[in-house]
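**Student:** Here are the chains, one letter per residue:
Number of protein chains: 4
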Amino acid sequence: MNTLGNNYRITSFGESHGRCVGVVVDGCPAGLPITGEFIQKELDRRKPGQNAVSTSRREEDQVEILSGLYKGYTTGAPICMLVWNRDRDSSGYETRRWTPRPGHADYTARIRYGGYNDYRGGGRFSGRLTAGYVMAGAVAKRLLTHTLGVEVLAHTSQVGEMKSPKVSVEEIRKHAESNPVRCGDPETAARMEKAIKSVSQKGDSLGGVVECVALNVPAGLGQPLFDTLEGDIAKALFAIPAVKAVEFGLGTVLSSMKGSEANDPFTMQNGVIRTMSNNFGGILGGLSNGMSITCRVSFKPTPSIGLEQYTVDIQKMEETSIRVDGRHDPCIVPRAVPVVEAMIAVVLTDHALQAGVIGQVLGDIK
Amino acid sequence: MNTLGNNYRITSFGESHGRCVGVVVDGCPAGLPITGEFIQKELDRRKPGQNAVSTSRREEDQVEILSGLYKGYTTGAPICMLVWNRDRDSSGYETRRWTPRPGHADYTARIRYGGYNDYRGGGRFSGRLTAGYVMAGAVAKRLLTHTLGVEVLAHTSQVGEMKSPKVSVEEIRKHAESNPVRCGDPETAARMEKAIKSVSQKGDSLGGVVECVALNVPAGLGQPLFDTLEGDIAKALFAIPAVKAVEFGLGTVLSSMKGSEANDPFTMQNGVIRTMSNNFGGILGGLSNGMSITCRVSFKPTPSIGLEQYTVDIQKMEETSIRVDGRHDPCIVPRAVPVVEAMIAVVLTDHALQAGVIGQVLGDIK
Amino acid sequence: MNTLGNNYRITSFGESHGRCVGVVVDGCPAGLPITGEFIQKELDRRKPGQNAVSTSRREEDQVEILSGLYKGYTTGAPICMLVWNRDRDSSGYETRRWTPRPGHADYTARIRYGGYNDYRGGGRFSGRLTAGYVMAGAVAKRLLTHTLGVEVLAHTSQVGEMKSPKVSVEEIRKHAESNPVRCGDPETAARMEKAIKSVSQKGDSLGGVVECVALNVPAGLGQPLFDTLEGDIAKALFAIPAVKAVEFGLGTVLSSMKGSEANDPFTMQNGVIRTMSNNFGGILGGLSNGMSITCRVSFKPTPSIGLEQYTVDIQKMEETSIRVDGRHDPCIVPRAVPVVEAMIAVVLTDHALQAGVIGQVLGDIK
Amino acid sequence: MNTLGNNYRITSFGESHGRCVGVVVDGCPAGLPITGEFIQKELDRRKPGQNAVSTSRREEDQVEILSGLYKGYTTGAPICMLVWNRDRDSSGYETRRWTPRPGHADYTARIRYGGYNDYRGGGRFSGRLTAGYVMAGAVAKRLLTHTLGVEVLAHTSQVGEMKSPKVSVEEIRKHAESNPVRCGDPETAARMEKAIKSVSQKGDSLGGVVECVALNVPAGLGQPLFDTLEGDIAKALFAIPAVKAVEFGLGTVLSSMKGSEANDPFTMQNGVIRTMSNNFGGILGGLSNGMSITCRVSFKPTPSIGLEQYTVDIQKMEETSIRVDGRHDPCIVPRAVPVVEAMIAVVLTDHALQAGVIGQVLGDIK
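Protein chains in written order, with this note's numbering: chain L, 1 to 366; chain D, 1 to 366; chain A, 1 to 366; chain R, 1 to 366.
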């Protein structure tokens with residue numbers, strides 16, 4: 001329902017236009033040094049209203065930590081964190097109540113909850129809920145870095161038809177946070193930004209792709225069959241609104257390849273077993289193999305567009321049309337970058353705790 | 001770990017070269033009429049050794065139902081089913097024990113289980129485990145059809161570089177089971193078969209894609225955010241060995257589109273709310289919208305190939321090479337078709353039970 | 001960890017001397033009319049500082065509802081509720097940090113969390129956490145009453161050696177909330193109150209028993225073996241600090257009886273199947289049988305006492321002694337009455353949702 | 001439903017008169033040396049037909065291990081084990097189908113499963129299902145002993161009104177398995193045996209109590225609030241048919257005590273922190289404190305009795321009477337002793353794995 005994970009478990013609450021958006025993190029071991037500033041830094045990356053390619057809704061999104069920390073360390077108790085909703089503009093939602101927006105959950109939510117759902121701003125289905133993911137992900141990132149040296153890093157590799165060339169981890173580190181679209185290639189970034197502004201002016205929107213890489217993941221995380229790393233990461237990524245495809249390693253491209261081309265041969269590298277290539281994205285049989293974990297996440301274009309669209313009036317049960325004015329990101333992908341990182345960090349933490357590799361490290365601290 | 005699902009819950013057990021492969025299905029309501037023959041029919045579709053494009057391992061794969069049925073009906077008790085392993089040939093695995101096969105889980109399993117895992121035939125990581133999925137999926141399919149009229153249907157849409165044109169549901173129904181590659185388009189099927197035989201002769205292998213559609217799924221199944229239909233279906237599909245990408249609706253293609261092109265407008269059709277197109281694969285906000293649910297599943301090429309590949313000797317910690325002789329499917333995709341169907345049926349059943357829509361129908365029977 | 005239940009799921013957060021104590025309720029169906037006042041009424045029953053037999057800590061314990069309600073109805077989204085901690089007096093806890101209080105979790109928490117736990121006021125192990133249970137239980141009670149007419153009712157049947165005679169449901173309804181010890185028998189209540197004041201003056205404390213009955217529970221809730229009503233209720237009750245025994249029906253007394261004495265014979269009553277006696281507390285084979293569900297919950301005496309007790313200094317690893325001054329209930333049982341009711345309501349709701357009986361009723365409303 | 005536990009997870013399947021009774025154990029770490037003989041030894045303790053105080057149903061109850069072991073070690077894969085049902089006598093159940101036996105689940109199961117449940121021999125509600133618990137418990141015991149030196153030990157402390165004096169662990173070890181009632185005090189054992197035979201001849205039955213102790217449990221296992229050791233052990237014990245009360249430490253007796261009498265003072269013993277008494281049964285705040293964990297489990301008398309009892313004919317909806325002939329234990333308590341041990345071992349293993357203490361030990365072996 002609204003809880004994800006087994007050993008590192010996050011419970012989401014809140015609505016887009018309710019009082020707040022929050023998360024309860026359960027399972028974080030005691031003794032992890034962490035500050036509100038660290039969590040805020042991640043939240044700021046996701047914050048709306050940052051630049052010309054994002055929504056004009058302005059939210060401070062200041063993290064409030066309600067429980068689970070004491071004297072600068074995690075205590076082993078659940079960590080409840082939230083951001084208050086301040087800049088709510090629910091006008092328009094009442095009038096649009098009976099005309100579901102195409103591409104949104106308005107219609108399906110109505111069926112599911114018999115009309116009792118909070119429909120303002122998409123309610124529980126809003127992208128704003130991902131603020132909770134980012135807070136939970138910040139704790140996960142801190143834990144992963146502190147104990148295992150794992151780093152989770154994403155960038156925008158595609159916006160509409162603009163695709164970034166293959167970029168290195170160094171390029172992502174250097175460039176992704178320096179341009180408003182969060183692309184690892186500055187030249188493509190400029191073109192992406194222009195494309196977003198262009199469709200935005202026409203009242204339209206764009207989709208895109210986030211590429212993510214997790215470095216220094218120890219070999220052996222994951223489980224065969226049902227709780228594979230791929231399966232758990234994919235489930236967590238599909239929790240991000242607008243995600244419609246998840247690929248690992250070369251992903252869909254592998255379908256066209258031969259075994260002799262696709263297989264990553266093993267080799268020795270400074271006394272350590274590695275693979276020569278990493279077509280399978282660091283995962284074999286659902287378990288990490290010690291290489292970088294790589295995946296691609298495809299986002300559909302923002303469904304809210306200013307252009308006229310067909311829809312139905314569900315009260316009168318007749319056809320009508322709608323224009324979705326309001327404050328929306330013309331392309332959600334740049335702001336989704338920290339969210340993708342967060343969800344992958346959450347899943348890796350869950351599996352690292354399950355495998356017992358974190359306990360061994362943090363245990364020494366106690 | 002080895003249990004999947006909440007309301008319809010399947011627990012897998014067994015190994016490729018152990019005594020059997022089985023599954024325990026929990027949560028199936030009492031009162032569903034079902035026979036061993038029905039389950040067997042699904043199992044037969046997955047059975048190895050059926051034709052020239054599949055492995056030469058021969059297994060009867062006769063379902064044994066150990067519990068949960070009485071007088072031809074489900075009883076509400078867990079249903080334990082298994083197939084015995086008979087045609088085991090574990091020769092080769094002892095000698096290959098220290099040289100992990102590229103693309104397989106040999107290395108990661110060793111790390112995870114400290115060398116205690118049953119490595120014969122891939123052990124717990126083998127595709128043979130999917131026999132359990134198919135048995136669990138058969139019960140799910142029976143329940144879905146009997147109560148909701150839901151039909152889950154898949155076919156091979158790509159093998160290597162051979163891609164099927166878009167085919168209708170009718171074409172899948174008519175053709176997919178009539179050719180050894182299970183493609184809905186007979187002409188492509190012939191080319192796919194040829195391609196598989198060709199790489200097989202060279203000791204190589206091919207990947208491919210399975211497309212799946214679920215018909216008559218009622219609107220409102222699924223949950224926002226963490227337990228979306230997409231997330232749960234994806235997690236279940238990544239439980240199938242060799243799957244590396246999962247897409248819904250137009251999937252990755254949506255990333256290149258504009259909102260005005262991608263959005264599925266609502267319309268009235270015979271008094272029912274439908275969408276004009278189905279680019280989002282029947283899912284909005286993680287919930288079914290009453291349209292067909294469509295997805296694409298990408299498989300990497302079978303990692304077992306007869307050609308020489310680099311690997312390491314993990315005892316000596318030095319580089320070496322390997323040829324993986326033995327009995328393997330040169331392309332696993334055709335046999336994966338019923339497995340994909342099974343996993344999607346399992347997830348839809350889980351969500352239908354959660355939403356309470358099955359209980360209402362089956363309840364009348366009691 | 002900190003989440004309980006499957007279909008009606010509660011996640012607890014907060015600490016005794018942290019910022020707040022809260023709960024997230026997940027799985028409550030949409031469309032239930034509920035107000036903050038209703039929840040507050042239950043909270044007020046648990047509130048500290050109500051009378052001479054309770055702690056002198058004063059907390060307003062005003063419920064704050066952060067999510068999940070809209071226009072007076074549940075929305076189907078998680079309901080986050082909390083009370084702020086205001087009257088925190090953490091003095092004493094710093095000095096007592098190294099001398100674990102006998103009967104408390106100070107020592108075990110230290111081992112578990114390596115000293116990083118928030119030890120002030122018992123932190124995460126404090127009885128104050130049950131404020132969250134009561135809020136979650138209030139929603140559960142509202143749902144049970146509204147849809148099934150289920151009523152959950154408890155009273156103090158024993159304090160120290162003072163035992164109440166057997167009282168009827170009517171007597172509990174009439175008297176339990178009218179005396180500070182919440183006993184269904186006013187005469188015993190007076191003696192209990194006196195006994196508590198007497199030990200309190202001596203710096204000592206008392207244990208006791210809460211008896212609970214759930215009326216109008218439909219037959220057929222629960223599951224055989226692992227998820228029995230007894231098992232789930234017991235697990236939920238042991239979540240209340242100081243509970244050391246849980247009994248159903250005649251409980252421990254049944255051990256001394258013969259089958260012919262203990263068995264509840266079936267009979268017809270106004271066309272309905274009932275049992276003549278209810279020695280088994282309304283549960284057969286882990287499932288409700290349509291009779292009242294009855295159970296007894298034994299509490300140990302409050303471990304915080306003003307008398308000198310032996311303990312150890314865990315820094316110096318040497319023996320010492322301690323007096324636990326501070327604000328504590330000399331007998332926790334009266335304030336535990338609404339908590340016991342809450343937890344039983346939570347479990348019954350979970351099982352009623354699982355069995356599908358609530359959905360059918362509330363579904364009509366939509 | 002039919003799965004219990006998180007990190008050490010057992011899934012039960014089978015029916016009393018179906019083909020078999022079995023269990024799937026998930027989460028047992030790889031590398032544990034274990035044999036079928038070890039499991040069989042535990043099963044033999046529970047086996048029916050052992051002596052004059054048990055049922056005359058004769059079952060070999062030979063364990064069949066279907067998966068999860070290889071070369072004498074656990075592999076990390078799920079362990080499926082079962083015993084076949086051979087001596088089934090289902091006569092009588094067809095005629096009794098419409099007249100639910102008092103004290104049994106016949107009526108509640110019928111309501112729950114709409115009459116589709118396998119009612120022969122109690123079906124899924126039969127005590128025979130505990131054979132699965134014992135197999136799962138045997139693996140748990142092996143793991144606990146091998147890694148932590150934990151020993152779980154129970155005996156019959158009460159049969160009807162015959163109560164054993166307090167016995168030491170040594171007396172339990174020495175005597176409990178040497179008399180048919182499994183009492184740690186031989187003199188009481190003789191009287192218990194006589195009492196059982198006496199009621200048995202009259203067609204009646206007796207209840208009783210099993211006392212259990214777990215030695216060498218490390219401090220710090222368990223969790224506050226929802227996943228306390230007490231809560232999880234209680235839930236697991238209520239999975240045993242006929243259990244109606246669970247107490248820890250002095251249990252119900254604590255309700256009558258003062259804090260100054262009940263509290264276990266801390267002390268130093270050979271440099272280790274211990275408590276002087278163990279009134280709280282080795283658990284504080286839901287976590288083990290390093291002392292022995294002790295609990296008492298109360299069983300109602302076997303509901304199957306040869307004497308005439310009132311019941312109803314649920315087809316005709318009218319009152320009638322019934323005699324339950326057949327093969328039943330006149331007192332189930334002696335055979336429940338290994339079952340209680342098994343369930344406690346299962347829960348302790350689950351918590352030991354969760355706390356990471358087993359991984360550290362077994363990890364060294366790899």
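Possibly wrong hints are sitting among the right ones.
[Unchecked claim] Subject to a maximum C-alpha distance of 30 Å in a straight line, what follows is the list of computed DSS-like cross-link-like pairs (lysine-lysine):
1) L:K258 x D:K258
2) L:K47 x A:K71
3) L:K197 x D:K258
4) D:K163 x D:K194
5) D:K258 x D:K47
6) L:K258 x D:K166
7) A:K166 x R:K258
8) L:K258 x D:K202
9) A:K166 x R:K316
10) L:K163 x D:K163
11) R:K163 x A:K197
12) L:K197 x L:K174
13) L:K258 x D:K163
Hints listed in this document are in silico derivations from the structure and should not be mistaken for laboratory results.
**Student:** Look at each hint and say if it fits the structure.
**Tutor:** Going down the list of hints, with the structure as the test:
1. L:K258 x D:K258: 34 Å, violated
2. L:K47 x A:K71: Holds, at roughly 28 Å.
3. L:K197 x D:K258: 13 Å, holds
4. D:K163 x D:K194: With a Cα-Cα distance of about 13 Å, the restraint between D:K163 and D:K194 holds, given a limit of 30 Å.
5. D:K258 x D:K47: 44 Å, violated
6. L:K258 x D:K166: 24 Å, holds
7. A:K166 x R:K258: This hinted pair holds, its Cα atoms lying about 24 Å apart.
8. L:K258 x D:K202: 11 Å, holds
9. A:K166 x R:K316: Cα-Cα ~36 Å, so violated.
10. L:K163 x D:K163: The given pair, whose Cα atoms are some 24 Å apart, holds under the 30 Å limit.
11. R:K163 x A:K197: 36 Å, violated
12. L:K197 x L:K174: Satisfied, since the Cα-Cα distance of roughly 24 Å is no more than 30 Å.
13. L:K258 x D:K163: 15 Å, holds
When held up to the earlier numbered hints, the structure conflicts with 1, 5, 9, 11 and fits the remainder.
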